[in-house]
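With chain A's structure known, arrange chains B, C and D on it following the hints.
Number of protein chains: 4
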Amino acid sequence: MLRFLTAGESHGPELVATVEGAPAGFEIDLARINYDLARRQKGYGRGGRMAIERDEVRVVAGIRFGRTMGSPVTFIVENRDFKNWEKRMSVDPGDRGETKPVTRPRPGHADLAGVLKYNLDDIRDVLERASARETTARVAIGSFAKQFIDPFGISVLGYVVSIGGTEAKVPPEMSIEDLRRVTEDSQVRVADPAAEHGIIAAIDECKKAGDTLGGVVEVIASGLPVGLGSHVQWDRKLDGRIAHALMSLQAVKGVEFGMGFGAARVPGSEPARSNAPTYARFRPPP
Amino acid sequence: MLRFLTAGESHGPELVATVEGAPAGFEIDLARINYDLARRQKGYGRGGRMAIERDEVRVVAGIRFGRTMGSPVTFIVENRDFKNWEKRMSVDPGDRGETKPVTRPRPGHADLAGVLKYNLDDIRDVLERASARETTARVAIGSFAKQFIDPFGISVLGYVVSIGGTEAKVPPEMSIEDLRRVTEDSQVRVADPAAEHGIIAAIDECKKAGDTLGGVVEVIASGLPVGLGSHVQWDRKLDGRIAHALMSLQAVKGVEFGMGFGAARVPGSEPARSNAPTYARFRPPP
Amino acid sequence: MLRFLTAGESHGPELVATVEGAPAGFEIDLARINYDLARRQKGYGRGGRMAIERDEVRVVAGIRFGRTMGSPVTFIVENRDFKNWEKRMSVDPGDRGETKPVTRPRPGHADLAGVLKYNLDDIRDVLERASARETTARVAIGSFAKQFIDPFGISVLGYVVSIGGTEAKVPPEMSIEDLRRVTEDSQVRVADPAAEHGIIAAIDECKKAGDTLGGVVEVIASGLPVGLGSHVQWDRKLDGRIAHALMSLQAVKGVEFGMGFGAARVPGSEPARSNAPTYARFRPPP
Amino acid sequence: MLRFLTAGESHGPELVATVEGAPAGFEIDLARINYDLARRQKGYGRGGRMAIERDEVRVVAGIRFGRTMGSPVTFIVENRDFKNWEKRMSVDPGDRGETKPVTRPRPGHADLAGVLKYNLDDIRDVLERASARETTARVAIGSFAKQFIDPFGISVLGYVVSIGGTEAKVPPEMSIEDLRRVTEDSQVRVADPAAEHGIIAAIDECKKAGDTLGGVVEVIASGLPVGLGSHVQWDRKLDGRIAHALMSLQAVKGVEFGMGFGAARVPGSEPARSNAPTYARFRPPP
Chain A
1 MLRFLTAGES HGPELVATVE GAPAGFEIDL ARINYDLARR QKGYGRGGRM AIERDEVRVV
61 AGIRFGRTMG SPVTFIVENR DFKNWEKRMS VDPGDRGETK PVTRPRPGHA DLAGVLKYNL
121 DDIRDVLERA SARETTARVA IGSFAKQFID PFGISVLGYV VSIGGTEAKV PPEMSIEDLR
181 RVTEDSQVRV ADPAAEHGII AAIDECKKAG DTLGGVVEVI ASGLPVGLGS HVQWDRKLDG
241 RIAHALMSLQ AVKGVEFGMG FGAARVPGSE PARSNAPTYA RFRPPP
Chain B
1 MLRFLTAGES HGPELVATVE GAPAGFEIDL ARINYDLARR QKGYGRGGRM AIERDEVRVV
61 AGIRFGRTMG SPVTFIVENR DFKNWEKRMS VDPGDRGETK PVTRPRPGHA DLAGVLKYNL
121 DDIRDVLERA SARETTARVA IGSFAKQFID PFGISVLGYV VSIGGTEAKV PPEMSIEDLR
181 RVTEDSQVRV ADPAAEHGII AAIDECKKAG DTLGGVVEVI ASGLPVGLGS HVQWDRKLDG
241 RIAHALMSLQ AVKGVEFGMG FGAARVPGSE PARSNAPTYA RFRPPP
Chain C
1 MLRFLTAGES HGPELVATVE GAPAGFEIDL ARINYDLARR QKGYGRGGRM AIERDEVRVV
61 AGIRFGRTMG SPVTFIVENR DFKNWEKRMS VDPGDRGETK PVTRPRPGHA DLAGVLKYNL
121 DDIRDVLERA SARETTARVA IGSFAKQFID PFGISVLGYV VSIGGTEAKV PPEMSIEDLR
181 RVTEDSQVRV ADPAAEHGII AAIDECKKAG DTLGGVVEVI ASGLPVGLGS HVQWDRKLDG
241 RIAHALMSLQ AVKGVEFGMG FGAARVPGSE PARSNAPTYA RFRPPP
Chain D
1 MLRFLTAGES HGPELVATVE GAPAGFEIDL ARINYDLARR QKGYGRGGRM AIERDEVRVV
61 AGIRFGRTMG SPVTFIVENR DFKNWEKRMS VDPGDRGETK PVTRPRPGHA DLAGVLKYNL
121 DDIRDVLERA SARETTARVA IGSFAKQFID PFGISVLGYV VSIGGTEAKV PPEMSIEDLR
181 RVTEDSQVRV ADPAAEHGII AAIDECKKAG DTLGGVVEVI ASGLPVGLGS HVQWDRKLDG
241 RIAHALMSLQ AVKGVEFGMG FGAARVPGSE PARSNAPTYA RFRPPP
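Chains as they are written, first to last, in our numbering: chain A, 1 to 286; chain B, 1 to 286; chain C, 1 to 286; chain D, 1 to 286.
One or more hints might be untrue.
Same chains, same label: a pair holds when it works inside one copy or across any pair of copies.
[As the list claims (entries may be wrong)] Calculated lysine to any residue pairs in the SDA-like style (CA-CA distance at most 20 Å, straight line):
#	residue 1	residue 2
1	K253	A264
2	K253	G158
3	K83	R54
4	K83	P101
5	K207	F82
6	K253	A132
7	K253	P267
8	K208	R265
9	K42	A202
10	K42	V156
11	K208	D121
12	K42	G158
For the record, the hints were derived by calculation from the structure and aren't laboratory data.
Pulled out of the complex, with its shape left as it was, chain A reads as follows (with noise of 0.2 Å):
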């Protein structure tokens, strides 16, 4: 079992994965990772800190000669923009006073709770941490994890359904291969041509106000054996540990499986006379 525990923060100098049970002589691809972690930093309207970063995996343990050696691999993707930084981020104590505290805290953050926890002066001691930046350790941890399912024929896609409220299709014929390198191609990551001019134009307009758009995204893993997770107790059913992943990522307000919400409002036999598998056939309109 593969378990890790990530570091870094935004501005920090670095952000460090550590992943640990990989077995021994596994041929690692490095590129596939920091593929990864360039479509990370992709998405129409995103922030200037994206123009900024370049995130690249520098491997210090773990891996040599291309293939994990059996102990913990070690990811260290550096920040650039910590040149900028230095001062404000120092681990010197000597360069406390030199730095204006953060004293406002960001709606829907951690940051109020964070300082009031710790009774801390500063939000940015808890800001620093509590950002999407984080993810970045965890992509390059699940772009690894995914090359040691591949070989079984294991695939996880994510794909965009909607923006702002406008919905993009997934026309129904559309197989898992196509939707996948079309919603790849897609500026937002979406397999409805049509959708996808109005979303940008909704992005255009909300980044013109000052705004931001949510949106709904969903994920489908093939080829996986039968019977993953547990029934017998609590904590190891699969539907749980995957929405505990997923609602840990900063954001993310909702998890949904198969019909998710939409069966609360149907009969419990309409899901066994669709066949539908994906969000976007299976939701009813809103």
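Just chains B, C and D now, kept in the frame of chain A:
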């Protein structure tokens, strides 16, 4: 920190809940645990099994003279129905031949995955644990745990906000205490008398048709200290852990926090402008 | 991976062992578990309690028709002595007044630490769990677990190599099978008839004086696959995990692997020159 | 609760220690951590590697202006020797061909088990992690952790009580503070000047012969609150957890508490009659 394991089959002799990590010398009111077990069994339109069982805990470890001893606490809940299942659920290998195996998996349960995973020939070996009856042990543990947070003024409240697509409004000015009292008295746990009639009628009709209805439950925890959970590592985030627990309940297909999926349809500035804390107030009309 | 929780007081109604993670469809021989429970109760010179209890498991979860169901398995062992303790170990707060608290802590047990930790006024609240009777549940789980490794030719053997300072030699040419048979037949579990007489006499004398004797047990696991555990992270090292388990047994004050502390007295080249695998062969004379 | 993962090969670029769960706002003295790292490298008669490395932590996460941020702390220790190993320890698959594999396993290490487990053809893939250099990261974490218990007057002291069979006495009237000072000043960490000469001579001679010597270390934790750990469940027992940690150290083959194996040679009434707390006082002469 509390940790627990539950065991027990739906038609086995006993359900077993062992919970460990509670401090010693704490007074436990077993009547409150039995009250919560009775609440689990209520519910307008529930199946016949509920009429057979009158769940009550029997304490076989960890409580002496009404107080915790610090040692693990085990609650046993007897299955009264077991007397009708002794042969079919027997431990004795000799009873195997006389029992007809279950061969028809229930859709939406772990039945099919379970028998394929372990190459079993009797679905009963899976369905006995892939059963909502399993939650009895979790309710006992949850009710036990609630007694430890009660002196700190922390309480948890759950009620129904929709069944079968009929929304039950929560009056905006209603206090949490009133909300608890009113929904506790309602046959379908709603705070909306008008909706209650419609919901009861819908359940009656649906039951006649041999079908079932889904719904949405809202849960409010009040009086919590600031800073529960942590933003610093993915698996310690409170919303992720809660999502894990909720999604591990049979039939739960979606979990939302705050606005939930509603946040995907409005600009990011919207929630800050609203101050309504609950589902019924937040959720955009479907 | 198996995980388990045990519960139950020494004079409470039941000891409870719940073990989770076993595969489904595996035949379990309960007689073997009861045999191991009986072995736990043997031992020349044991106290009177052993004569009262005849431990046997009652399965209340996880086994059907002699096979595991994949769900958690719960073994219950009844304390026959409980009928003499119903009032003193009662769950009912009303019985508190009638029972005289224990106020004299046993040296070397958790008694004193336990009552200080939780500010308890009756040491019985601690001693009931700080009791070797607690190991009954662990023996049941261990015996259950052994049945899963048995088909792979893996077995575990324990026997006595010294009591009260009298060393019992293991004949150097003796096979593991013979060692098992001979020590199983010995009243004090030694493979050395000469030492056996001395040990029995020492126990008799010691018992007359109201004292006790310590000893050393050697454990051999045979047939293991190469590479159990792992060198890559501290908590996965096999010897550390075994030491954890052994040191958690009441009265165990030391754990050694191979030469153990003997290795501290000889040059590092010594063990390589020897090829004797067991304590009795390795250990330099005291 | 602190949890941690370490990573890093003996001749890789860096050793990595990530520790999580520390409170925010706590002042950390890095000089003390570096002092403990230097202590790890001392030791009369150590190998040549110790002369090459001068271990110092570089903090890349979790500490700002000298204080913990609450987020995971990562310490990096550079391997200065890496510049001589860049090709042999390269991540790049292209460097594999130029490096001669190690094919001779070191006895008593994980080398043989490791290559058999994963079917590796270069023992270096195992020995790089099955190396006492791995403890560097653990020393950094331990030293970090010690700073949190220091304000409560809790301290941990370790010193040598025998090497190669030569016992070093601890003067019975010596205080813990003096014991710390005296053993810190001793070249072989003993509190017995007479034994020190003999031990140094034995090490010199042994080293000339290309051999090594084992020894026994005594560890004292003082100032602890009553009731650490718990008697209620096997895996929470303090001595078991300490034994796990100690036995996970390379070359440790035995762990004792109090009288340890000495208790196996005397009647149970003996320890109660003695009041000497330490190994050197407790242990019956071998």
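Here is what the structure says about each hint:
1. Taking the closest pair of Cα atoms, K253 and A264 come within 20 Å of each other both inside a single copy (18 Å) and across two copies (9 Å).
2. Taking CA atoms no more than 20 Å apart as the test, K253 paired with G158 passes in both settings, with 17 Å inside one copy and 19 Å between copies.
3. Within a single copy, K83 and R54 get their C-alpha atoms as close as 14 Å, which meets the 20 Å cut-off; across copies the closest is 27 Å, which misses it.
4. In this assembly of identical chains, the alpha carbons of K83 and P101 lie at most 20 Å apart only when taken from the same copy (19 Å versus 41 Å across copies).
5. When the C-alpha separation of K207 and F82 is checked against a cutoff of 20 Å, the pair qualifies neither within a copy, at 26 Å, nor between copies, at 48 Å.
6. For the identical chains of this complex, K253 and A132 are intra-copy neighbours only, at 14 Å inside a copy versus 26 Å across copies, given an alpha-carbon limit of 20 Å.
7. Within a single copy, K253 and P267 get their C-alpha atoms only as close as 26 Å, which misses the 20 Å cut-off; across copies the closest is 14 Å, which meets it.
8. Taking the shortest Cα distances, K208 and R265 sit within 20 Å of each other only across copies (18 Å), while inside one copy they are farther apart (37 Å).
9. Only within a single protomer do K42 and A202 lie at most 20 Å apart by alpha-carbon distance; the minimum there is 18 Å, versus 47 Å between protomers.
10. Taking identical chains as interchangeable, the C-alpha atoms of K42 and V156 lie at most 20 Å apart only when both belong to the same chain, with a minimum of 18 Å there against 41 Å between chains.
11. Taking identical chains as interchangeable, the C-alpha atoms of K208 and D121 are never at most 20 Å apart, the minima being 33 Å within one chain and 60 Å between chains.
12. In this assembly of identical chains, K42 and G158 lie within 20 Å of each other by CA distance solely inside one copy; the values are 14 Å within and 40 Å between copies.
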